[in-house]
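Add chain L to chain R, keeping to what the hints say.
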Amino acid sequence: MSDEIKCTPAKTTREIIRENMFPEEQEPLFNSGNLTKLRTKFEQWKNNMVRPGDRENWREAPRTVLGSDHPRELVYTPLNIENFDYQKYLGNPGQEPFTRGIHSNMYRGRTFTQRQLVGFGAPEDTNARIRFLLEHGATGINLLFDMPTIQMYDCDDPMSRGSVGSCGVSVNHVNDCELLFQEIDIARETVSIVTHYPSNTAILFPMYLVLAERKGIPWEQLKGSVQNDVTLEELVRNAAEYLPPRDCFRIECDNIEFIRNNVPRWNFITLNGYNLREFGTSGITEMAVAFSHAMAILDEMIRRGHDVDWVGERLAFFWSVGMDFFEEVSRLRAARRLWYKIMKYKYNAKNPRSMWMRCHVQTSGISLVREEPLNNIVRSAYEALAAILGGVQSLHVDSFDEAFAVPSEEASLLSLRTQQIMEHETGITKVVDPLGGSYYVESLTNQMEEMILEEITDIEEQGGYVEAVNSGYLLKKIYNYFYSEQKKIEQGDIEIVAHNWQKSTRSEDIESFRYPAEAEQKQLSRLQKFKSERDPHEVELALKALKDACQNGANIVPYTLNCARAGCTVGEQWKVFKESFGLWRRPGLF
Amino acid sequence: MPQEERIKVLMCCLGPETHNRGIITVSSMLREAGVEVVYLGNASPEEAVRAAMEEDVQVVGVSSLSGAHLCLGKALMDLARKHGMERQVTFLMGGVIPPKDIPVLKEMGFGEIYPSGSTREEIVGCIRKAAQCQCEQ
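Quick note, the sequences are listed as chains R and L, same order. 1 is the number of the first residue of the first sequence in the working numbering; add one for each residue after it. 591 is the number of the first residue of the second sequence in the working numbering; add one for each residue after it.
Chain R on its own, in the form it takes in the complex (with noise of 0.2 Å):
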């Protein structure tokens, strides 16, 4: 990797952003003479009507969990959005900027995929949820792997005792990669595999695609995404081992090669926000963060001597939905305009596609409490309308039984019906961004992009995202918050009803999802006739000829391709990164 990426730009994104746009004509849609005149009674209201307790708490803050302090005032009218341009800030839906939507009929075009999240014990164990969910009108498959598969260990090795099929599903090889997918279309079906890290995202989906190979269906034809983001391997996790984060921000970017060049309706990467917010920051940091990981990215495919439609068209982004309502709607709008920009002005991107905020979300786990838990499941609905009033083209909605264990079968219907009942019963679907135009959102939307770019620039100063994550810089960051976070709970200044607020008095008795007991036992065994029938030579050879590539800079994707089709495992792939890599000390913070 060249030390390019690691200087700090000359200018920051906001002073391009800026530059490049200032020439820009604005078109205010109020005209100053009746904004004088509404000022001025606004001022005699203030003064007359308002009480004056109310006037010196003209701005007070929500505080909500993961929330961002940012204060509100009483009212919000014409006044606080003056120089409000529609076209320039808004466009229609499916214009620039995008603020509004990326589609012009958004939903009534195409309803946001209802993509709930499965994953645990065996692979059939988690094949049977999929199919469970599928039959019940889910649209689309979200798959998640279990703690050892997460942190590429295999079934047998030491470190997974006890945790095989634990919160996702095991995957050890190829062969589990098939069961995974028995009977299920995936010519047809749109399939999320949560790898979360760059470094599984390379040795998994390649099994994913030899699956594809031997069910006979050209790659060309595979449609999901993986989520392959560095945040999530160096920042978020716990582990005992990491990459540095730089060698794993190569193994992202040659991931995004191979993908963008082989599977082209496959998204190669979702920039994870969600892991990010949920491990503890505010929704404007999570954005920040993800930006400029994005832009990180674009940096080094443009060095790599790509164009940035070819890799800006297929990006995708994984936001947080937590509960503070109008935030939320705003912070999405605001999002989509801001990268707009970022490609437009600082990118130059020529196509529309590469300049859409497209984004997957999934209401907030963390906001989740144990007390009195059937209360989950109207917060989850809470931020599932804010996600779809902001928006957005997919969403999972959190289990009300997700503070005792993964969700249980009558949960997850749940958890899908909330959806339904939104998109068949309440007829918010039909009406494009009902919420702009408030003169509340479209101050806060402003209000939103500009704190985002300012977390954008901190970040930049810092020398970019891998530097950032590499200093331990965004790891401090995080852990203020969350530690501060948590003492506003404990002190009451977060509310959560039954958790601090009206403290619960009942017992909690819920009939929370067990594991499959016997799945340990069952993918061991699979694994060691898997190892003795495989040939051990091809093995060797394609672990050699991966660590090669690993060493001499080559894309490793293709190297990882060729082990997953000799057969060799998910451990013994981790164990040739971490020969050639090396481990990374992660910044502490004790």
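It should be emphasised that the hints constitute simulated quantities derived from the structure, not laboratory data. On a predicted model such as this, the values are computed, not experimentally measured, just so you know. Cβ atoms here follow ideal geometry from the backbone N, Cα and C, with glycine treated the same way. Take these hints with a grain of salt, some might be off.
Covered, in the sense of this in silico footprint (three residues per stretch, anywhere, with C-beta under 8 Å from a C-beta of chain L), are these stretches of chain R [to be verified]:
1) 152-166
2) 237-251
3) 368-374
4) 394-406
5) 482-492
Only chain L this time, still in chain R's reference frame:
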């Protein structure tokens, strides 16, 4: 006065656990309360027991959010017993633990279980008490 000795706690999560907000938060709380924290992070039960002996801690805190608490909790307590530690060291666990598993874990030998939502007072108070009991022994 043995009570004035600084309490020392080992904090770890067992196996490939990826979640760490809980363990970081609790470690910070303890540190703020004047407790000495040895932050081990991810470890196997063997590594956790070894570190607890080497560091000579009074308390071991285990964070578990991914469902491996029963299996790894048992492995940890079996090892602790094997090394004769279970009487000198208090083992605590916190995280995403279904209510029904709490008595099972206590039966295994865990002194207390802190499901998500447990308070600073509960956790710090218990650790102080545990350390005091051991000093008096």
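Tested hints:
1. Under the rule that three or more residues need a Cβ within less than 8 Å of chain L, the assignment of the segment 152-166 of chain R holds, with 8 such residues.
2. Residue count for the segment 237-251 of chain R with a Cβ under 8 Å from a Cβ of chain L: 4. That meets the three needed, and the coverage hint holds.
3. Residue count for the segment 368-374 of chain R with a Cβ under 8 Å from a Cβ of chain L: 3. That meets the three needed, and the coverage hint holds.
4. With a threshold of 8 Å between beta carbons, the proposed coverage of the segment 394-406 of chain R by chain L holds, since 4 of its residues qualify and at least three are required.
5. Coverage of the segment 482-492 of chain R by chain L holds in this model, with 4 residues showing a Cβ closer than 8 Å to a Cβ of that chain against a need of three.
Of the hints listed earlier, there is not a single one the structure fails to meet.
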